[in-house]
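A.B. asks: The primary structure of each chain is shown beneath.
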Amino acid sequence: MELFDLTIHELADLLKQKKASSREITESVFKRIKAVEPKVRSYVSLAEETALAQAKKADGTAPRGMLHGLPLGIKDNFLIEGTKTTCASRILENYVAPYTATSAQRLLDQGAVVVGKLNLDEFAMGSSTENSGVGITRNPWDLERIPGGSSGGSAAAVAAGECIAATGTDTGGSIRLPAALTNLVGVKPTYGRVSRYGIVAFASSLDQVGPLTKDVTDAAILLNALAGHDPKDSTSLNLPVPDYTKALQKDLKGWKVGIPKEYFIGGTDAEVAKALQTAIETVKKLGAECVDVTLPHTDYGVPTYYILATAEASSNLARYDGIRFGYRNREAKDLTSLYKKSRSEGFGPEVKRRIMLGTYVLSAGYYDAYYLRGQKVRTLIRRDFEKAFEKCDVILTPVSPTPAWKVGEKVSDPLKMYLSDIFTINVNLAGLPGMSLPCGFTQSGLPIGMQLIAKHFEEERMFRVAYAYEQANKWHQRRPKL
Amino acid sequence: MTYEVVIGLEVHAQLLTKTKLFCACPTVFGREPNLNTCPVCLGQPGTLPVLNRQAVEFAIRAGLATGCSIEAKSVFARKNYFYPDLPKGYQISQYELPVCLKGHLDIEIVNGGRSPSEVNDDKPGKTDGGPGGRAGSPPAITKRIGITRIHMEEDAGKLVHEHPGTRAQDASWVDFNRGGTPLLEIVSEPDMRSPQEAVAYLKKLRSILVYAEICDGNMEEGSLRCDANVSLRPAGQEKFGTKVELKNMNSFKNVEKAIFYEIDRQASVLDEGGRILQETRLWDADKGETQSMRGKEEAHDYRYFPDPDLLPLIVDREWVERVGKTLPELPDAKRARFASQYQLPVYDAEVLASSRGLADFFEACVKEYPQPKKVSNWVMNEFLRMIGNDEARIPSSPLKPVHLAQAMKLVDGGTISGSVAKTVLQTVFETGESPQSIVEKQGLAQISDDGALETALDEVIAASPKEVEKYKAGNEKLIGHFVGQVMKKTGGRANPAKVNELVKRKLSS
Ligand SMILES: [Zn+2]
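So the protein sequences, as listed, match chains F and G.
Numbers in our numbering are just positions in the first sequence, counted from 1, shifted up by 173.
Numbers in our numbering are just positions in the second sequence, counted from 1, shifted up by 226.
These aren't lab readings, by the way, just hints derived from the structure by calculation.
Here the structure is a predicted model, which means the values were calculated and not measured.
Glycine included, each C-beta is placed from N, C-alpha and C at the ideal position.
You may find that some hints are simply not true.
Chain G stretches covered by chain F per the calculated footprint, using a threshold of three residues with CB under 8 Å from any CB of chain F [claimed, not checked]:
#1 265-274
#2 301-308
#3 683-692
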């Protein structure tokens, strides 16, 4: 195996034993990028020079944390001072960040090396990374297929060995879905666990930062680095952060895993359904008791999400008006046309669709019927989970109804695309932590993921179950052939 | 037809916090454009608001000072609209659930709706002078004006259309220094029935805010802004008429004038059988008229919704109590105390208590010179005139309470006369020198020396043989002539009592 194929914890060991240097690891990653990036296209921008300088500096200083000297990729909706943050949108194509996101700063503080900024669906809106204004990212397991979205660049880069691990953001499943479709571990922490300061907002009450990694241990390590209270984010909770790596245990004796019946009905791809059944059997063999739970408002999740998320997005994206930064139409002769032309030319079609939908659901005559009702349903969905967790420690569900689909397959049908998030969206509405981890492959060799959901601020429970399951399988050790 | 006017006011008060409502930028006025900014108040991508606790404390103070209930839970909402001075594309404001609800304040009205506190007006020299005040002022009636709500919001930046080195028609510039500054919006009930009542309410509110150290009350610099909703209805009718919103009034005088103008305008429209349009009108102080700005049909749909970046604001009882303890004595309480503790006429107490600066000046002076009524006369007549009835000038006034006390002691001790004291105080106000040293330097001390006075009187007697004859024949009124002439000869410095005595002695022999 090459250095770029290894995990954070394996490389940290090598660094500790002086069997590899940060410079060697970083060079290995950039060599890999040169070889596969033309096919995968996961990066929006690369920072080879600064990365090698950071690596050199890391080699000359005492380790500052588990991430010391390790090359990571950052989704291009995280601000890093002095570098471009485009959100894969024309409206921000030349935007240079004036400050650094808290979460990115935490990685830098641990000595992490930043390889570059990763592709995404424009403003993180999408499930396939086809909505990027920069170009489509391909799934390393099958270049004809999408990697999932919106953190598709992050997922593809980690899966292809173009960085050791990456950050993503998850508003309705944007970390978990691409993780599932590329055989990675992806974690959406509890809302409020990781600071949103410096992350370009999509839907403020749903967005959350998290890791995309090659295994569960790496996810625990990366989340340790990201998590914690930030006074700059009023929704960030001031609670101590446990060491997630301590939660990684091998057995599940006495544990109760909830299986919600609403997530195991028709419509899911047969191979995915079968892989999930096998996973449930494995969990039982590890000592856990699987119990039936019910989440009766599951079906309302997708429509509720598209009301609330678009409402917030329409407001969050109002600042891209061509006045202070970003793209401006130079021909406009008056204020109104400056706004109209700059925004029409700067935003892509999916973003515009959502801004219009959000503007509509917030408008005076429709607020009660849509936005307010959406908030009420959101409360019902949250209560569903609270009730279910009276009976179990974690909930186990599929992540995606299908394996990775072909590029272009769902582009013309937004509603079909929106249904890709059907199993992940309610976790965001309820503000719960959720993670995706590999649980098998299709006959044709496409990865399948399973999802674990825990109570608020109880990420450790998902890590425990995920780690025990991972140890019983070797799915996570497979790498795509590129 | 006779109409009844219905007025409600919306007052925006800029809070005296050191930093902005949602970031740590300073709120200092008058700095270089865009110096007081950071990524947060410029609405840069990824930034998030963090609420300024001090601003909340000020909102609680304002609520307590106006008898509002302080809500345990209030919510910040986004008010969405596009404008270049609004960086985020929305303004964070409280909407459905404001921090303070249902309060009131009392205004005093004398006949015709004039309020006694109008002596403290922006027109200088309005007091009709002479120590003694207006002993015969008619009694004031107290009227209670309801306050619907007080909420917090952030201010916008401002557009600059003229900028050195550019042609105004080519470009507009945006200055975000003011963007994000904390404001309170204080909304009254439509309880006022005349422009004078509206001004009395505004003055009382301003006085309370300044007392409580929430706002500096400066209307010209825009730290206190007022919009008025004005409607007319036929006298006796229950239902309100269509209201018009008046904006852009930057002094008490303008508020009064604009409402007067608007009442006349609406009355003539109605008299001619026309209908009042619901609209916003701007007051043009130069032309003395209101002009239509936008009609209701152009009204924005602000698409309010709770700001997901901010948690609901929770204010517990303890916090309210703690803030309550820091609240100073407010105008009404101070007026009552002045009247009883210092035995001042109600009128004096009202004028002095209407401004915290004036009240403090008065009390500091009484400490040095414990004759309250005398001090009150001097403060209300002389000092108010000097500062042009503008309490904002009190802190920078070179004339301090101790100076006034000194001058009055000099009068009592016979060193200077009352009229010289006025001149001396004017000089103190201009130079900041002490009265004692001005009297010495300019040789203003009274002449009580018999020899010097006699010489002067002899000259006067020699020059007025006719008057001497008449006085001796029994016309005692002429004594004034002799005293006056001596005063004139000595430049007002002669001790009048002494001169009096001297005249009697000289001419009776
Ligand atoms: Zn700021």
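A.B. asks: Now, for every hint given, state plainly whether the structure supports it.
C.D. replies: Hints versus structure:
| no. | hint | verdict |
| --- | --- | --- |
| 1 | 265-274 | holds (count 8) |
| 2 | 301-308 | holds (count 3) |
| 3 | 683-692 | violated (count 0) |
In this structure, only the earlier hint numbered 3 is contradicted, and the remaining ones agree with it.
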